[in-house]
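With the hints as your guide, set chain A onto chain R.
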Amino acid sequence: MVVAASLVELAERGVLSGVVARERTLSVLPAFESLLPNAALQRGSVVACEGSAASSLALGLAAGPSQAGAWVAVAGVPDIGLAAAVELGVVPARLVMVTEPTAGFNDATWADVLAAMIDGFDVLLLGPGTLRVRTNTARRLVARAQARGAVIVTVGANASFAGDLRFEVTQASWQGLGDGHGVAHDRRARVQLTGRRVPRPRHTELWLPTTNGAVAATQPAAESASVVALCPTG
Amino acid sequence: MSDRVVPRVAVLWCPHWSVVVAGAAPNEPVMVLHANRVVAHSIAAGADGVAVGQRRREAQARCPLVRIVQHDAASDARAFEAVVQAVAAIVPRVEVTEPGTLTFLARGPSRYFGGDAAMAATVTRIANEAAGLEAAGGSFGLGIADGRFAAGVAARRSARMSEPVVIAAGHKAVADFLAPLPVRLLTVVAGVPAEFVQLLGRLGVHHLGSLAALPELDVAARFGPLGTFAYRIASGGDDRLPGTHDPPVGLAVQRIFEQPVHHSDVLVFVARQLAQELVDQLAADGRVCTRLLVAAETEHGEKSERAWYRSNGLSAAAMVERVRWQLEAWAQHETLTAGVTLLRLDPVEVRSDDGVQLGLWGGRTQADDWAVRAVARMVAIVGEQQVLVPAVQGGRHPREAFTWVSAVTTDLLEPDERLAPKSAPWPGRLPSPSPAIVHASPQAITVTDAAGCAVRVTGRGFVSAPPAALGLAMHSEAVQAWAGPWPVEERWWDITRSRRMARFQVLTHSGRLLLLVVERGQWWLTAEYA
Numbered sequence: 019m020v021v022a023a024s025l026v027e028l029a030e031r032g033v034l035s036g037v038v039a040r041e042r043t044l045s046v047l048p049a050f051e052s053l054l055p056n057a058a059l060q061r062g063s064v065v066a067c068e069g070s071a072a073s074s075l076a077l078g079l080a081a082g083p084s085q086a087g088a089w090v091a092v093a094g095v096p097d098i099g100l101a102a103a104v105e106l107g108v109v110p111a112r113l114v115m116v117t118e119p120t121a122g123f124n125d126a127t128w129a130d131v132l133a134a135m136i137d138g139f140d141v142l143l144l145g146p147g148t149l150r151v152r153t154n155t156a157r158r159l160v161a162r163a164q165a166r167g168a169v170i171v172t173v174g175a176n177a178s179f180a181g182d183l184r185f186e187v188t189q190a191s192w193q194g195l196g197d198g199h200g201v202a203h204d205r206r207a208r209v210q211l212t213g214r215r216v217p218r219p220r221h222t223e224l225w226l227p228t229t230n231g232a233v234a235a236t237q238p239a240a241e242s243a244s245v246v247a248l249c250p251t252g
Numbered sequence: 031m032s033d034r035v036v037p038r039v040a041v042l043w044c045p046h047w048s049v050v051v052a053g054a055a056p057n058e059p060v061m062v063l064h065a066n067r068v069v070a071h072s073i074a075a076g077a078d079g080v081a082v083g084q085r086r087r088e089a090q091a092r093c094p095l096v097r098i099v100q101h102d103a104a105s106d107a108r109a110f111e112a113v114v115q116a117v118a119a120i121v122p123r124v125e126v127t128e129p130g131t132l133t134f135l136a137r138g139p140s141r142y143f144g145g146d147a148a149m150a151a152t153v154t155r156i157a158n159e160a161a162g163l164e165a166a167g168g169s170f171g172l173g174i175a176d177g178r179f180a181a182g183v184a185a186r187r188s189a190r191m192s193e194p195v196v197i198a199a200g201h202k203a204v205a206d207f208l209a210p211l212p213v214r215l216l217t218v219v220a221g222v223p224a225e226f227v228q229l230l231g232r233l234g235v236h237h238l239g240s241l242a243a244l245p246e247l248d249v250a251a252r253f254g255p256l257g258t259f260a261y262r263i264a265s266g267g268d269d270r271l272p273g274t275h276d277p278p279v280g281l282a283v284q285r286i287f288e289q290p291v292h293h294s295d296v297l298v299f300v301a302r303q304l305a306q307e308l309v310d311q312l313a314a315d316g317r318v319c320t321r322l323l324v325a326a327e328t329e330h331g332e333k334s335e336r337a338w339y340r341s342n343g344l345s346a347a348a349m350v351e352r353v354r355w356q357l358e359a360w361a362q363h364e365t366l367t368a369g370v371t372l373l374r375l376d377p378v379e380v381r382s383d384d385g386v387q388l389g390l391w392g393g394r395t396q397a398d399d400w401a402v403r404a405v406a407r408m409v410a411i412v413g414e415q416q417v418l419v420p421a422v423q424g425g426r427h428p429r430e431a432f433t434w435v436s437a438v439t440t441d442l443l444e445p446d447e448r449l450a451p452k453s454a455p456w457p458g459r460l461p462s463p464s465p466a467i468v469h470a471s472p473q474a475i476t477v478t479d480a481a482g483c484a485v486r487v488t489g490r491g492f493v494s495a496p497p498a499a500l501g502l503a504m505h506s507e508a509v510q511a512w513a514g515p516w517p518v519e520e521r522w523w524d525i526t527r528s529r530r531m532a533r534f535q536v537l538t539h540s541g542r543l544l545l546l547v548v549e550r551g552q553w554w555l556t557a558e559y560a
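Going down the list, the protein sequences come from chains R and A. If you read the first sequence in the numbering used here, its first letter stands for residue 19, the second for the next number, and so on. If you read the second sequence in the numbering used here, its first letter stands for residue 31, the second for the next number, and so on.
Note that these hints are calculated values from the structure, not bench results. Everything numeric in this text was worked out from a predicted model, so none of it was measured. Heads up, the beta-carbon is just placed ideally off N, CA and C, and yes, glycines get one too. Mixed in with the good hints, there may be bad ones.
To be verified - Facing chain R, from chain A, some residues (calculated, C-beta under 10 Å):
1. A401
2. A406
3. L442
4. L449
5. P461
6. H469
7. P496
8. W516
9. A557
10. A560
Bound conformation, chain R alone (with noise of 0.2 Å):
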């Protein structure tokens, strides 16, 4: 009896379906491998970006796993600009939005609206819409997202859904800008990571975005790499 109750009832729930998370690591565009831990955003993490910068940061980190075929769904974001969003590398045939009526969701349509994303993608961005999304409900989201294998990336400061990673602009300076001329072709971003498992915060400096729009290291990873002879000299 107790047995038929819970599996109807959790058959109802829809809390059935799911994804064999193997490969417990989705992986990111080549300029923030040297940040994180293994190169890599951790399944079922939840990364934070704050700053001056963190829309673009937010879009740079989904579209690395974008690009590797999963999709990306953003909530409370309604502003996102579609057009950085491409520049920035994610792939806009797997991207989609949910935008809130003038009247907004309470509490418990966000709850099943995010219960479906997590269901159904790989990447969340939530926004600053997501903040009425109680402590509590918001627990119970990231719960299922461990299960399932999602990640969330927080668009600004948010205290419901609590980082795992917090990224961060400390300083930023935007290059081409001139009193009455030229145009502003890239921006400079120092970016700093802290979080649970990072004992020590790390730092990287970042064009977010190029000229082009993209995301880059300023420098390149090979000068850090020694150079080794490949036949005798001298």
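The following block gives chain A in isolation, referenced to the frame of chain R:
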């Protein structure tokens, strides 16, 4: 291979099972959608021109009053369990191919009931009663023939004629039955890729008979394993793919629970591990499972055992899905008295894997399927106006390059149409990078010069004074750098829709880079390079 005995098979098939599950009244137009395409429709909808494979809009245009139901494979499977149980009570070794279709070996039951016709009538009646189909004015089709393909075709004909179709035993009878039928049935019934069938059509092979009349070796040389398979089933031969065999014993994977399990999510979780283990094991030998026996047993000895068949082979995810269907149906149709102690996955038929699986490069992947399903669910929760996908629009302003369209108006898995780049150039478009935040409705702001006077732009594109401060809603910010104006004059030929404006990029002291537009003396904040 071809001298292998072709088993006599009965196929029980319900046209548009999803519609039956949706509970359509007779004469009510209903259609079932998956990924914005029609997958099933009622008779009344079909009479108005709705067809499987149509887009939603097209189908609605033909039949505006149609009731729309979203496809839910799990509920289809749950509802079908009643039919499976009713049939399994009188026929051994029933296999579920998919919700709405079952297959069983016909020889034994026919002998018991006194002939194919008598058995067919009995099974059809029982299935119709179990599904409550007569009330809805529909009926299961039942076809009996040598080989799964011929039986499947016969079942489809039977559903149309509302009486069982029995093809006489023997290779010749099957070949004669199939010969005048179109090659399209290879796709519909046997799951042969549609491209292959189209190619046959272009080569002038329109009927199964003309395919069967070709020399087998030539077909094999031209089309490879797929051609051999199509040739074989078209000529009434064995429909098991070449390389199909009974697996060596000991491939079955099972898990015995010390603690009886009371929740199906735990079982599904374990099934996932078992399925992966099984698929890995088979894949190591280059094989794939086509028929899987799923068995579960409770502490008190209650058993659930089902065979699941899929001609293309069952992936791990497909296995898990079938386990879930079976468990849900089991829990719904029987009152279980104890927790589950045993779960077993037993591959009873395997074949060499020739790669007809979900696409690895391109094509449709598992992630795509999940996303499409999630989108359908989100639409059900919040409505179709709130779930959006990008589409290319084209324009000078960052907001105009792309637009958001409702996800239900497009085919999510065929995005080429909505994302095809528009060829028109947009002179005066701002160069990349594009702003990461584009306000849907621009915010009014004030721009003042060093003296505190509003900055103006003349009709000839001169700025009255360099901007020095911005007045946003609550606070003001000093300007560090700026560029502009970049004037735009749009649709000057249209009096009502023409616009003249000038754009500015402004960098504030706090490091925010903003895109401003001035139009008729009013400044707007339209986008931010965040």
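Tell me, in ascending order, the numbers of any earlier hints that this structure violates. none
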